[in-house]
Structures are given as structure tokens and as C-alpha cells.
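Student: Residue strings, one per chain:
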Amino acid sequence: MTEGLEALIRRQPLFDDLSEADLKHLAGCARNVKFDAGEIFVRHGEEADRSFLVRAGRVGLVVHGRDIAETAEEGDLVGWSWLFPPYRWHFDAKALTAVRAIELDGACLRAKCESDPRFGFEIAKRFLYQAHRRLEHTRLRAMDVYKGPLT
Amino acid sequence: MNDPWVPTPMTVREVVRETADTVTLTLDTSASPFAFAPGQFNMVYLFGQGEVPISISGHADRPDELVHTIRGVGPVTRPMLDLVPGDVLGIRGPFGTAWPVEEARGTDVIVVAGGIGLAPLRPMIYHLLANRRDYARIVLIYGARQPDQMLFVDELHHWRGRFDLTVEVTVDQGTEDWFGPVGVVTRSLARARFDADDATVVTCGPEVMMRFVVHEAVRMGVPQDRIWASMERNMKCAIGLCGHCQWGPDFVCKQGPVYRWDHIAHRFAEKEL
Ligand SMILES: Cc1cc2nc3c(=O)[nH]c(=O)nc-3n(C[C@H](O)[C@H](O)[C@H](O)COP(=O)(O)OP(=O)(O)OC[C@H]3O[C@@H](n4cnc5c(N)ncnc54)[C@H](O)[C@@H]3O)c2cc1C
Ligand code: FES
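Here the protein sequences come in this chain order: A and B.
Going letter by letter, the first sequence gives residues 1 to 151 in the working numbering.
Going letter by letter, the second sequence gives residues 1001 to 1273 in the working numbering.
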């Protein structure tokens, strides 16, 4: 069972260079999940105790109630609020299509990261990388570049 | 080319409304075939209003017509939105440098367009598709502000349906009825599958967008001398005489608008991304 999960996680570029041991460790906190189109599986303000690695389909990240700020597709990580107090979601996540994902249990991961800081750094690096990319995209989007002249 | 100072009158044959502020005009050149290379532009003169540089957005293999896609932003371009078949425009051109259709042969070609920037790239896409076997993968990434601001929607659907082309369309702002990706073009570029060390990247769109695109392409491993971008500067003569379009040591109307990135990268070096 965990065997299959390891292979599925390994297939995603974000985790493809993780060592066998770390991958096994990570998979111990993981399970497969599915969402139907239209399903809101993360709600703003609720306890953030999980993260999702999208395997298939499209997830809309809804920031101010209605507008989709960004979508997440195969290979994207959704949610890193489980890493930081007060462990609350900052957005809604809505399945725009049928979605398959790997759910990572936040409490389980936190415990493993804290007891094994080297493993913790490997995991934190990957979440940080996603956060960094999201920030870059947000910066470009905030410039609203298509509005004005091309120069 | 005729006398480069004198506009040739050409009759509008067809008008297609692309978005609320953008039209595509097809001018009849059947009496005097019009040749150009993908990436070049014309000076388009609206009698009584003025003259503006506009890229050619049609097929280079169709000398019997000349196609321009124009976004109405000011005193010259806005009245162009109201043109109807039978109206006449004055045309000087073609001017400027072209997309690297030859240099790109044998490589993966990644076309990254933003907003109205798809118009200057469309002749390049037509060329790639008309000569499909000369290129390896072809990836088109197109970003717009919102779904209703995308150009050439029917054509995008058609291209997306082809088996020999990857098309990724993304918007900065999603709407209720949009189920496609929401995010900036660089996100789509980072996800695209191609051989970075054997790819050609061509990009056109807002300058900030292009800088981010180049940054991402380089990060993915595309050498700077395999990246081309089209720059915009105000123009008057378009033949390298008046200096209106000066950019560093260049006149964009002559040395541009299409530049290989390694030739201009230093001009952006001081600007932080
Ligand atoms: C080589 C080249 C190719 C071009 N190709 C195209 C093309 O294919 N299609 C096209 O629509 N335009 C194209 N442009 C831009 C076009 O030339 C300008 O939009 C046009 O000159 C505006 O003229 P105007 O007199 O109507 O407005 P202006 O009086 O020049 O501008 C009115 C207002 O609009 C703003 N503005 C100027 N340009 C733009 C712009 N591009 N987008 C948004 N706001 C702008 C100005 O800052 C000003 O506030 C190209 C420019 C160059 C240099
Ligand atoms: S527009 Fe006159 S020199 Fe370029």
C-alpha cells in the first residue's frame, strides 16, 4: 500500500530526488484522496492540518471568497499552513475538475520533521520552494502587466 | 517595397472584432502582392488622424492580403476600431527584423505570448505549422488578463486540437465560467516539457512579462542566444532616420523590433526582476 504511494510521490518533480529512506518516511504520512468537481476541500480559517500534492486535475485557490487567485495542477503542492502556527488555512481550495491528490498529514509530518531535522530540512526546502515560486508569480500578477502599454 | 516615405492606400476587406478593444483588419493586397517576414511591422496611417507602428499578424504565405490586429488605446488606434470594409488605410512597410524561423529549425520552439503580443507572433506560428516537419516540439503559451481579453480564440481552440502542437492558455484573473489555468505565463512555461538545451524561445508581450519569461527560460537551461523578444518603442519614420525609436545605441525600427536576447540583455541588467 505505502509502496504504491512512494512511487506516486516519486513521479512528481518536487520529490523526485528524495532519498529512498526519506521518501518512505514521507509516504508514512501520506494517503490517496479524490475530490469531485465543485468540491471545496479546504476552507479559509479552518484548521490547516494537511497538505495536498496534486496528481491530476485542477484545483482553484480562492482567496477573497470568489476570485480564483491561482490554480494548482499536477505536481503542485497546495497548503503549507500546517507548518506554521496558528495552523489555519488562508484560502479555500476548490476542485475545478475531478482531482486526484496525495494528502500529507500535517501533524504526522511536523512530528517527523522535528524528530529528524535533516529530514525536516529536506521537506521544508520543498515547501519553501513552492512558496517562493508562488510569491514570484504573485509579484508578476500584481503588476497587472496586460493593462498598460507594452513597454 | 514602394517609396518608404509614401503610404500606399489599401482597402479594408474584412473586420473581425477580437475583444472589446481589439480588432483584426484584413486589407486587400490582391492588386499588388505584399511580402513580409514574420515579426515585421508596418506604419499604418489613418487619414486625418496619424500613423502608428503595427505588427503584421497574418500569414506570410498569403501575399493577396495584409492582416493587422489593433488594440485601440489612443487617438490613432481607437478610431481604427470603427473601420468597416471598404475603408482605406495608408500602409508603409514592411519594416524591422523578423522572428528566427531559420535559426529555430530542428529545435523545440517555445512561443510565449502575452495579451496583444500574440498578434506579432501569429505569423511565426503559421510558419511553424506550415513547415511542421522542420521543427521538433512546438509549444505555445498564451497569457491574457482575463478570458474575454484573449485574441484569436477560435484559432487557439483549433491549434489545441492538433496532435503536433502543445497549447497552454492561462489567465491572470479567473472568472466564474473559466475552468482553465489561472496564473502567470512563467508558471505555464516552467511546467512545459521541452529540451531546454535544444530549444528556441520567442516571446512578445509587455516588457515586464518578457523579462520574467526570459528569466524563467534561462533558469530552465535555455541559453540566452536561443531567446528572441520583440521590443516596442515609439516610432515616426520607421527607416532609421529620425531617432524617435532610439534605444541605447539602436534604432528599434531597424535593429529591432525582434532582438536576440544576448544582444540586449545588458540593457536590462540594472533592472531588478
Ligand atoms: C514595432 C511595434 C509593433 C506594434 N504592434 C502592434 C500591434 O500589432 N497591435 C497593436 O495594437 N499595437 C501595436 N503596437 C503599439 C502601437 O503602435 C501603439 O499602441 C500605438 O502607437 C498607439 O497610438 P495612439 O496614437 O492610438 O495612442 P497614443 O497617444 O500613442 O497612446 C495613448 C495612450 O495609450 C497608451 N499606450 C500606448 N501604447 C499602448 C499599448 N500598446 N497598449 C496599451 N496602452 C498603450 C499610452 O501610454 C497613452 O497613455 C506596436 C508598436 C511597435 C513599436
Ligand atoms: S522611427 Fe525614426 S529612426 Fe526609428
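Source of the hints: derived by calculation from the structure; they are not laboratory data.
Please read these numbers as outputs of a predicted model, since none were measured by experiment.
Glycine included, C-beta positions come from ideal geometry on N, C-alpha and C.
Just to be clear, a hint being listed does not mean it is correct.
[As the list claims (entries may be wrong)] If you want the ones that stay clear, here's a sample from chain B, every Cβ over 10 Å from chain A, calculated: (1) A1020; (2) T1026; (3) P1079; (4) A1098; (5) L1129; (6) Q1149; (7) G1161; (8) D1172; (9) M1209; (10) D1225; (11) D1250.
[Unchecked claim] Distance windows between CB atoms, simulated: (12) A/R133 / B/W1005: 25 to 33 Å; (13) B/D1198 / A/S19: 49 to 57 Å; (14) B/F1268 / A/R133: 33 to 41 Å.
[Said to hold, decoys possible] A partial selection of chain B residues facing chain A, derived with a Cβ cut-off under 7 Å: (15) A1031; (16) A1035; (17) G1174; (18) P1181; (19) V1182; (20) V1184; (21) P1206; (22) R1211; (23) F1212; (24) Y1259; (25) R1260; (26) I1264.
Student: To test your reading of the hints: which numbers does this structure violate?
Tutor: Checked against the structure, the hints that fail are numbers 6, 8, 9, 12, 13, 14, 15, 16, 22, 24, 25, 26, while the rest are satisfied.
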